[in-house]
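In case it helps, full-length UniProt numbering puts the sequence shown at residues 1 to 807.
Just so you know, not all the hints are guaranteed correct.
[As the list claims (entries may be wrong)] Mimicking BS3-like on lysine-lysine, the simulated pairs with C-alpha atoms at most 30 Å apart in a straight line are:
id, residue 1, residue 2
1, K544, K566
2, K500, K624
3, K561, K544
4, K604, K617
[To be verified] Between beta-carbon pairs, the in silico distance windows are:
id, residue 1, residue 2, range
5, P761, H418, 38 to 46 Å
6, L283, N694, 25 to 33 Å
7, Q510, E533, 32 to 40 Å
8, I450, K539, 57 to 65 Å
9, K566, Q448, 52 to 60 Å
10, P602, E456, 53 to 61 Å
11, P602, D519, 48 to 56 Å
12, D509, P602, 55 to 63 Å
13, R505, E533, 29 to 37 Å
14, Q510, E542, 24 to 32 Å
15, S678, R505, 30 to 38 Å
16, I521, F751, 21 to 29 Å
No wet-lab data here; the hints were simulated from the structure.
A virtual CB, placed ideally from N, CA and C, is assigned to each residue, including glycine.
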Amino acid sequence: MLVLSGRFKHQIICLRITTTVTLASSSDIREKLRKKGRALQETLVKNRNEDDDVQALVPSTKLSEEKQQTTMKEPQDSDEDAGETLKRTLRAQRQRRKKRLLERSAAQDDEEISNIQPHSEDEGSAGKAADPVVLSRPPPGSQRDLSSRIQHIAGSQNLDNSVTPALGRETWRAARSKGESLSAGGGPCLSQPVAYQSLRDRDTVTRVEEAPLVRDEEEDLFVIEQSSQDFLEVRKAEYVGYRKLIQRERESELFFTPSFRTVPTSIKLPENMKPRYLEDEGLYVGERPPVSLTNENILENRILKMEEGKKWFGDDGRIMALPDPIKESSTRPPLFHMEEDLDPALQTVYRKALKSKYANLYITGAADPEGDYQLDVDVSGLIFSHHPLFSREHVLGARLAQLYDQYLTRQHNNLTGHLTDKLNGLRSALRNMLEIHGGQSLTQAMQQRISEYSLEVRNTRQLRDSEQEKDRTLLKNIVKVWKEIKALREFQKFTNTPYKLYLRRETVDQASDEQEYEDEIFAEVVELEAESEEDYQRKLAEYKKQLEEWKLSRRKQKAKKKKKKKKKKGQAQNDTEEEDEDQELSESEGPLEEGPPKPEPPEKPDFDSIEQRVREKASRIRRKPGESILIPELSASGNITASELCPKAEIARREDVARRSLFIKILYNDKEVSRTDSRSLNTDFRVHFGQIFNLKIVNCPQSINLQVFEEIGSSCSLLAQVFVPVPEPSVLTGGVPLEEFEFSSNQRVMFDHEGVGSDVPLSFEADGSNKQTLLTSGKLSCCVSWGIGEDDVPLAPPVSQQPGGMH
Numbered sequence: 001m002l003v004l005s006g007r008f009k010h011q012i013i014c015l016r017i018t019t020t021v022t023l024a025s026s027s028d029i030r031e032k033l034r035k036k037g038r039a040l041q042e043t044l045v046k047n048r049n050e051d052d053d054v055q056a057l058v059p060s061t062k063l064s065e066e067k068q069q070t071t072m073k074e075p076q077d078s079d080e081d082a083g084e085t086l087k088r089t090l091r092a093q094r095q096r097r098k099k100r101l102l103e104r105s106a107a108q109d110d111e112e113i114s115n116i117q118p119h120s121e122d123e124g125s126a127g128k129a130a131d132p133v134v135l136s137r138p139p140p141g142s143q144r145d146l147s148s149r150i151q152h153i154a155g156s157q158n159l160d161n162s163v164t165p166a167l168g169r170e171t172w173r174a175a176r177s178k179g180e181s182l183s184a185g186g187g188p189c190l191s192q193p194v195a196y197q198s199l200r201d202r203d204t205v206t207r208v209e210e211a212p213l214v215r216d217e218e219e220d221l222f223v224i225e226q227s228s229q230d231f232l233e234v235r236k237a238e239y240v241g242y243r244k245l246i247q248r249e250r251e252s253e254l255f256f257t258p259s260f261r262t263v264p265t266s267i268k269l270p271e272n273m274k275p276r277y278l279e280d281e282g283l284y285v286g287e288r289p290p291v292s293l294t295n296e297n298i299l300e301n302r303i304l305k306m307e308e309g310k311k312w313f314g315d316d317g318r319i320m321a322l323p324d325p326i327k328e329s330s331t332r333p334p335l336f337h338m339e340e341d342l343d344p345a346l347q348t349v350y351r352k353a354l355k356s357k358y359a360n361l362y363i364t365g366a367a368d369p370e371g372d373y374q375l376d377v378d379v380s381g382l383i384f385s386h387h388p389l390f391s392r393e394h395v396l397g398a399r400l401a402q403l404y405d406q407y408l409t410r411q412h413n414n415l416t417g418h419l420t421d422k423l424n425g426l427r428s429a430l431r432n433m434l435e436i437h438g439g440q441s442l443t444q445a446m447q448q449r450i451s452e453y454s455l456e457v458r459n460t461r462q463l464r465d466s467e468q469e470k471d472r473t474l475l476k477n478i479v480k481v482w483k484e485i486k487a488l489r490e491f492q493k494f495t496n497t498p499y500k501l502y503l504r505r506e507t508v509d510q511a512s513d514e515q516e517y518e519d520e521i522f523a524e525v526v527e528l529e530a531e532s533e534e535d536y537q538r539k540l541a542e543y544k545k546q547l548e549e550w551k552l553s554r555r556k557q558k559a560k561k562k563k564k565k566k567k568k569k570g571q572a573q574n575d576t577e578e579e580d581e582d583q584e585l586s587e588s589e590g591p592l593e594e595g596p597p598k599p600e601p602p603e604k605p606d607f608d609s610i611e612q613r614v615r616e617k618a619s620r621i622r623r624k625p626g627e628s629i630l631i632p633e634l635s636a637s638g639n640i641t642a643s644e645l646c647p648k649a650e651i652a653r654r655e656d657v658a659r660r661s662l663f664i665k666i667l668y669n670d671k672e673v674s675r676t677d678s679r680s681l682n683t684d685f686r687v688h689f690g691q692i693f694n695l696k697i698v699n700c701p702q703s704i705n706l707q708v709f710e711e712i713g714s715s716c717s718l719l720a721q722v723f724v725p726v727p728e729p730s731v732l733t734g735g736v737p738l739e740e741f742e743f744s745s746n747q748r749v750m751f752d753h754e755g756v757g758s759d760v761p762l763s764f765e766a767d768g769s770n771k772q773t774l775l776t777s778g779k780l781s782c783c784v785s786w787g788i789g790e791d792d793v794p795l796a797p798p799v800s801q802q803p804g805g806m807h
């Protein structure tokens, strides 16, 4: 009988399975493997049981002899049994795969043999044997595996030629060396005839391996790698309908699906606001990019879900969008370069370029010969009210000229005279109403009318007095500045400005002037007394009302005090001393609650002081009775001191002025279209240009800007800019006077000569007090109007072409 170990049995099964798998198809393999598996399993179980019985009953020497005989007979029975053939085949196929495992198992088998203790044939010697040393406890799943391995090793100790000769010899040497050590130490020797106890009937002594070489036979019958088909599960495809999917998303509230319905305009605009359509108002808005209505509705519904969604909508209720930037035709058409001539039908024909209808910056019809529009810009000149090269006399002269201009303007407007006439008329009307209805009871309507007239008289008198004071103060300032100029000229011993001031005197009638003066004071005193009496009566009525309220509150407080006193008297139990003390305390405590303070009566008007105040004011703001009327006259006919007679610092300043020149750039829609000639700066800091520029207009006018430049040798710098409004179509050349536009600059300039500079503190006092800082400033005289063509045809665009709010 051929006894095979568990490892060989496993290899035979694997080989048979591999051969079967390679020859049969996948469906036949599984069926044949099942049948052969059952038969092999029964055979292996039967052989294993017989092998175990033989190992348990037969001594190791006899078992070794039988196995040697069986091994010697195997080559002769090769035709009947295929065990040897299978062994050789397995060695060739799995030599590389099992090399590492065999080396690892050799070391582990030494430890297993060392843990096996020999037993004698009789029961007495078995009881005296040393107890086995248990190194570790194997897991339940591998206990069977380990016992079969130990059994295999014990049964093959005496085999000279085993299935794995190298492994058997190493194992036998290790067992023999350990047996000698045991005999030397007093234990049993392996050379003595000893009957081994069945391995199945005692505990297995070994330690756990990391990976067992031979697994359980029931698990390793069919060693076939698992394929993807073993893990694939085929099911029916699941389908969720669109409506069900939408319903599920709505219930979960994780997604928001905007509606594609049109949103009402009232929802997209603020409350109580109507839509505004700029196209109907004549404004150009451009064409929006094409967007489908459904997409636009979806976007509007999505935007309205935001917290500040309404800010994305315009005044017309639609989403704000820029005009469509895509042109209908390409800017540069493709060029065809061909060697041969083109077909006549494909020849290009030159056409004059046409303006796009989306270009709102062009005036309609400007390209037509009959539609030429012309804008005339008349630059007359400029004058500096302050320049860094001003001397101290120039600063005072400019201030004097400015004050004189204000004086002329006020005299031309004559506000003081108009207000005086209005005040006299109101006084006369009020006097007539009082005389007519003086002896009768006035109705409520008449009282209201008289009150309104009185109020108007008061306001007009105050305005008249204010204007009179301004005229008087302006005249005083003119005289004061002129005196400063004369004192400065005497101090510096030269003259820089040609200004001369004359004060012309006009005599008046002393008697009539005094009478008019006194009448005015008397009328004002009467009006102030009436106003003071009216204010006193109003304050007195208000005082009486507040006094009644205060008395009422005091009565309430006294009533509360009386109640408190009665309550204290009832608790005092008729004790007079305590009552007296309580009364004193209650009186000393004062009011229980703080009420409104007692109102103060109004003071009676002091009619004696009214006249005095009126006379003091009249002497301050009016001309004294009988005093001549002073009329200032400023001229520029004076002589300027020659440079040879001036000090070096003044000569350096004048030379610096002579080196400078100015010109003006004309910018139309922020683009330079022309410029004036360069003019030298005069000693009086006035520059005259006297040039008119005719601009042919194609673009709609957005802005007109005049830039003032100053040249010093080869370098120039921008001093200031003057923005001129775009004229109306009715403003034509020749019918509009020149206008003065003020300009200024914040440049800081300092010199080492007599020039005062710009943005630099300056003082005219001897102690250096009252410092003032002057900036470069002046006035530009120019005019912008639309030109006139042949036959007096205005060259102005229609009103509809004028941009609104862009001037």
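We went through each hint and held it up to the structure:
no. : hint                       : verdict
1   : K544 with K566             : violated (33 Å)
2   : K500 with K624             : holds (27 Å)
3   : K561 with K544             : holds (26 Å)
4   : K604 with K617             : holds (22 Å)
5   : P761 with H418: 38 to 46 Å : holds (41 Å)
6   : L283 with N694: 25 to 33 Å : holds (30 Å)
7   : Q510 with E533: 32 to 40 Å : holds (35 Å)
8   : I450 with K539: 57 to 65 Å : violated (20 Å)
9   : K566 with Q448: 52 to 60 Å : holds (54 Å)
10  : P602 with E456: 53 to 61 Å : violated (25 Å)
11  : P602 with D519: 48 to 56 Å : violated (31 Å)
12  : D509 with P602: 55 to 63 Å : violated (44 Å)
13  : R505 with E533: 29 to 37 Å : violated (42 Å)
14  : Q510 with E542: 24 to 32 Å : violated (48 Å)
15  : S678 with R505: 30 to 38 Å : violated (47 Å)
16  : I521 with F751: 21 to 29 Å : violated (54 Å)
Violation of the numbered hints given earlier is confined to hints 1, 8, 10, 11, 12, 13, 14, 15 and 16; the remaining hints are satisfied by the structure.
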